[in-house]
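**Student:** Next come the chains, spelled out residue by residue.
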Amino acid sequence: MLPVTYYPIILQKSGEWMVNLTSDPAMAWWWAEKNEYNRVWSWDRPFPLWLAERIRENLNLQAQAGKAGFSLRRWRRVVTKTIRRHGWPGGGTWVPVTGPATDLTRYLAASAEENTLQIRKILPKVLLGRALTPQELQRALDRAGVKVTAYLFTIALQELILAGKVDLVAAVGLDRWGRFYCRRCGERERLCTERLTGSPQPSRICSACRTLGVLTDQTPLYYWRDEQPRGEPPPAPPELVLPTLTSWQEQAVTEILAFWRNPEERTMLVWAVCGAGKTEVVFPVIRAAVAEGKRVLLTVPRREIVRELGERIKKCFPGLPFSLLYGGYKAEVPASLLVVATTHQLLRFTSYFDLVIVDEADAFPLYNNPMLNAALDRVVLPAGKQIYLTATPDRSWQRRAERGAIAVTKIPLRHHGQPLPVPHLVRTAMPKKERLFLPAVVRDFVSTRKAQGRKGLIFLPTVEAVEAFSTHLKKAFPREAPYIHHIHARDPFRQEKVERFSSGALWLLVTTTLLERGLNFDRLDLMILHADQETIFSVETLIQIAGRVGRKADDPGGEVYFVADKITPAMKAARNAICRMNREGAKVRVKANETK
Amino acid sequence: MIIKEKRRLTDINRGIALRMLWQALLKLFYPPLPSCVACGEPFTSVYPLALCQGCLERIPFVTKPVCSRCDRPLRGGETDPCRECQGETYFYEQAMAVAVYDGYMRELLHSAKYDFRPDLARGLGTIFAVWAENETRLEEIDAVIPVPLHPEKLATRGYNQAELMAEPLAAALRRPLYTGVLQRVRATLSQSKLSRRERKENTRNAFAVVNCLAVAGKEVLLVDDIRTTGYTLSAAARALLLAGARGVKVLTMAVGVTPAQWKN
Chain A
1 MLPVTYYPII
11 LQKSGEWMVN
21 LTSDPAMAWW
31 WAEKNEYNRV
41 WSWDRPFPLW
51 LAERIRENLN
61 LQAQAGKAGF
71 SLRRWRRVVT
81 KTIRRHGWPG
91 GGTWVPVTGP
101 ATDLTRYLAA
111 SAEENTLQIR
121 KILPKVLLGR
131 ALTPQELQRA
141 LDRAGVKVTA
151 YLFTIALQEL
161 ILAGKVDLVA
171 AVGLDRWGRF
181 YCRRCGERER
191 LCTERLTGSP
201 QPSRICSACR
211 TLGVLTDQTP
221 LYYWRDEQPR
231 GEPPPAPPEL
241 VLPTLTSWQE
251 QAVTEILAFW
261 RNPEERTMLV
271 WAVCGAGKTE
281 VVFPVIRAAV
291 AEGKRVLLTV
301 PRREIVRELG
311 ERIKKCFPGL
321 PFSLLYGGYK
331 AEVPASLLVV
341 ATTHQLLRFT
351 SYFDLVIVDE
361 ADAFPLYNNP
371 MLNAALDRVV
381 LPAGKQIYLT
391 ATPDRSWQRR
401 AERGAIAVTK
411 IPLRHHGQPL
421 PVPHLVRTAM
431 PKKERLFLPA
441 VVRDFVSTRK
451 AQGRKGLIFL
461 PTVEAVEAFS
471 THLKKAFPRE
481 APYIHHIHAR
491 DPFRQEKVER
501 FSSGALWLLV
511 TTTLLERGLN
521 FDRLDLMILH
531 ADQETIFSVE
541 TLIQIAGRVG
551 RKADDPGGEV
561 YFVADKITPA
571 MKAARNAICR
581 MNREGAKVRV
591 KANETK
Chain B
1 MIIKEKRRLT
11 DINRGIALRM
21 LWQALLKLFY
31 PPLPSCVACG
41 EPFTSVYPLA
51 LCQGCLERIP
61 FVTKPVCSRC
71 DRPLRGGETD
81 PCRECQGETY
91 FYEQAMAVAV
101 YDGYMRELLH
111 SAKYDFRPDL
121 ARGLGTIFAV
131 WAENETRLEE
141 IDAVIPVPLH
151 PEKLATRGYN
161 QAELMAEPLA
171 AALRRPLYTG
181 VLQRVRATLS
191 QSKLSRRERK
201 ENTRNAFAVV
211 NCLAVAGKEV
221 LLVDDIRTTG
231 YTLSAAARAL
241 LLAGARGVKV
251 LTMAVGVTPA
261 QWKN
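If you read the sequences in order, they're chains A and B. Residue 1 is where the first sequence starts when you use the numbering used here, and the numbers rise one by one after that. Residue 1 is where the second sequence starts when you use the numbering used here, and the numbers rise one by one after that.
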């Protein structure tokens with residue numbers, strides 16, 4: 001973690017000159033020799049990266065201003081002014097680098113080595129469209145199958161930086177107004193200032209995106225700066241294996257493809273009911289984009305769903321190589337046209353994609369998260385397009401759709417053509433923390449499970465409530481106890497329990513909103529207790545949960561209960577929204593039947 | 001089409017500018033609350049504490065009865081001084097601790113050490129500062145010295161958590177903080193994975209004082225994050241005494257309690 005400091009250097013060729021940064025002037029001197037730069041100056045002392053970067057920027061600004069030619073005195077003034085402005089101690093001056101100050105033999109040997117050449121070849125592919133720290137880049141190279149030592153790695157990067165192909169910036173850097181911000185997550189407020197080892201002044205550490213790896217103002221971030229080589233479009237469009245689509249899904253597909261071809265439209269909302277098969281609907285547009293050689297991103301906020309999505313892509317696009325990225329798992333195909341990732345992984349990307357598809361766009365943690373939403377906007381190329389898939393767009397999305405600011409397509413019917421189960425709103429006295437008891441509705445719900453041969457899900461607002469309620473339930477139904485279990489996000493066996501539930505080994509699961517979306521169980525009824533807790537069970541969440549029921553064609557029905565002490569507007573709104581979608585769906589169904 | 005595009009862009013810029021202005025105004029009238037270093041929730045700070053009330057309540061502070069030599073809580077009818085202090089001689093004259101190395105404190109210290117949380121280390125130091133306000137045992141202290149890390153370890157970790165913890169304490173005591181005086185001259189193994197006897201062997205001659213004049217004739221307070229067996233601190237205290245310190249006291253954020261002491 002010892003910070004690497006950087007020297008600003010000036011390289012001069014007859015008539016032209018350039019400014020750059022290097023961690024070792026001797027290395028820069030050697031590179032200059034090779035590339036016919038005849039003079040090299042370096043500042044006599046190094047700076048932390050954020051300041052070195054600012055100095056480079058100011059020198060470049062001076063150079064672009066075009067005032068007269070080359071003047072070391074003026075460049076010295078620029079540097080001293082910059083460091084004084086940012087309160088850095090000490091002065092210094094430009095010194096000519098006339099020869100290798102350090103022993104170069106090791107460097108020369110390394111530079112010519114096979115591995116370095118290999119890195120130079122693979123690095124653009126790995127780095128393209130990304131913003132990576134050295135550690136991340138090295139790991140990415142490892143995954144690409146290039147094993148390198150840290151020294152070789154530094155050399156290869158240094159050469160690319162000097163050649164102007166890779167850009168080097170501080171991860172927490174200065175913006176135009178001289179304030180620090182995190183270049184990865186955009187955070188300005190939650191930067192803590194601490195003095196770290198080896199630097200005389202305090203450095204800033206971003207505490208907002210710490211989970212993705214710590215960034216400080218001395219951590220370098222590497223970008224690919226050279227022109228972005230476009231991958232060749234595949235010779236033939238990728239093979240697409242799709243289950244047969246319903247006529248209303250076909251309708252959506254044509255609308256999405258029209259949106260893709262229309263250069264004026266930028267954003268589209270695909271508004272589909274839960275279980276309509278909205279993910280399949282975007283596969284044709286992925287195919288069309290990939291066939292044109294465009295770069296496509298398919299992203300979901302949740303890790304569990306992204307894993308499942310990867311499986312589905314593998315099945316539907318048998319011959320298409322794609323990268324699958326989520327926290328703790330990276331299966332990268334360098335320069336692949338399709339990337340499937342969680343939204344958090346987007347923080348490591350720069351402007352790169354022509355088409356960004358966001359599945360479950362209303363889900364936590366994406367919803368109302370400025371950091372991730374900014375990342376979503378950042379990764380799209382200026383002429384790129386975004387498609388948002390959701391079952392429950394919030395008010396602002398609906399308003400934008402009504403105003404015509406964004407394109408919309410609706411899928412109001414499920415793939416089996418049956419209406420959504422309408423929730424029953426039940427008002428009854430609910431168990432409290434101090435006094436646990438089972439309301440009659442819940443008692444009936446649990447006791448009829450086995451007789452009906454249907455599984456049950458019971459949703460509760462908090463982890464504590466889930467645990468307390470589950471133990472109480474087991475006591476109340478001792479005979480059924482082995483088939484009852486609870487699950488929440490902190491549960492280490494949650495994957496296993498979900499599998500047991502879907503296979504039928506368990507038939508009652510008490511859960512938090514963890515199972516709100518993304519999972520399909522057959523023969524399911526469900527119940528939401530304390531549905532009046534609006535901070536957790538918002539309208540969108542209620543609709544999503546209700547949409548878990550009746551997703552299979554052989555069992556389109558199912559019961560949904562919202563149980564609470566009082567009936568809240570959110571519960572009513574959720575029921576009304578479901579009814580409204582059902583009415584629209586009925587119209588579509590009639591139309592589909594007529595065309596038949 | 002190009003014109004339409006342009007209008008769209010300026011619209012967005014105007015929107016952003018307005019929002020920034022509005023947020024700046026809001027901030028002017030409602031300055032944001034500081035957030036707790038441990039849980040990240042905003043809270044009303046009691047200066048200089050950097051932790052919120054909720055987090056403080058979760059910390060298992062040392063409660064009486066305690067061992068008079070090492071501040072270890074006495075459990076199960078143990079006599080003062082505690083079993084550890086009876087069986088061992090240490091080079092420091094007094095060991096103090098703020099909390100027990102257990103539960104939430106264990107999480108916090110682990111995070112401050114291994115998760116790159118220098119801010120948390122300093123935040124925990126503010127607990128020292130408040131604790132030291134009405135502590136009579138710290139009155140005769142002349143200088144505060146944090147237990148150093150080996151340069152190699154310091155390079156990989158990026159900061160010395162003991163040093164960051166000691167900074168608010170030294171400021172509160174109005175005593176100088178000597179950071180370069182005591183140095184770790186031998187790269188020792190991590191104590192946490194060793195047995196009792198190995199720990200003692202491991203810390204032997206691990207420390208040296210660079211600037212003897214700075215500590216000569218002074219009463220020194222050694223600061224560290226955790227004390228379990230006390231061997232590391234004892235070895236550091238020995239180096240300080242050899243350099244001419246008048247006496248050494250030890251203050252740690254947490255004291256390790258052996259399971260035997262907790263039982264019953």
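Careful: at least some of the hints might be erroneous.
Stated by the list, open to error - If the Cβ cut is set under 8 Å, some of the chain B residues that face chain A in the computed set are:
#	residue
1	Tyr-30
2	Lys-113
3	Phe-116
4	Pro-118
5	Asp-119
6	Ala-155
7	Ala-206
8	Val-210
Said to hold, decoys possible - Where chain B lies over chain A, by a calculated footprint (3+ residues, C-beta under 8 Å):
#	segment
9	185-194
10	198-210
Keep in mind the hints are simulated off the structure, nothing from the lab. Note that beta-carbon positions come from the ideal geometry of N, C-alpha and C, so glycine has one too.
**Student:** Give a verdict on every hint.
**Tutor:** Comparing the hints with the structure gives:
1. Residue-level restraint check for Tyr-30 of chain B is violated (minimum Cβ-Cβ distance to chain A is 14 Å; threshold 8 Å).
2. Annotation: interface hint on Lys-113 of chain B violated; nearest CB of chain A at approximately 13 Å, more than 8 Å.
3. With its C-beta approaching chain A no nearer than about 4 Å, Phe-116 of chain B sits inside the 8 Å limit, and its interface hint holds.
4. For the restraint placing Pro-118 of chain B at the interface with chain A, the shortest Cβ-Cβ distance is roughly 4 Å, inside the 8 Å limit, so the hint holds.
5. Interface hint at Asp-119 of chain B: satisfied, since its Cβ lies 4 Å from the closest Cβ of chain A, which is below the 8 Å cut-off.
6. Hint status for Ala-155 of chain B relative to chain A: holds, with the closest Cβ pair at about 4 Å, below 8 Å.
7. Of the supplied interface hints, the one on Ala-206 of chain B is violated, with its beta-carbon coming no nearer than about 19 Å to a beta-carbon of chain A, more than 8 Å.
8. Taking 8 Å as the C-beta cut-off, the interface hint given for Val-210 of chain B is violated, the closest approach to chain A being about 17 Å.
9. Closer than 8 Å: that is the beta-carbon criterion, and the segment 185-194 of chain A has 4 residues meeting it against chain B, so the requirement of 3 holds.
10. As drawn, the segment 198-210 of chain A meets chain B at 4 residues by the rule of a beta-carbon pair under 8 Å; at three or more, the given contact holds.
Hint compliance for this structure: hints 1, 2, 7, 8 are broken, all remaining hints hold.
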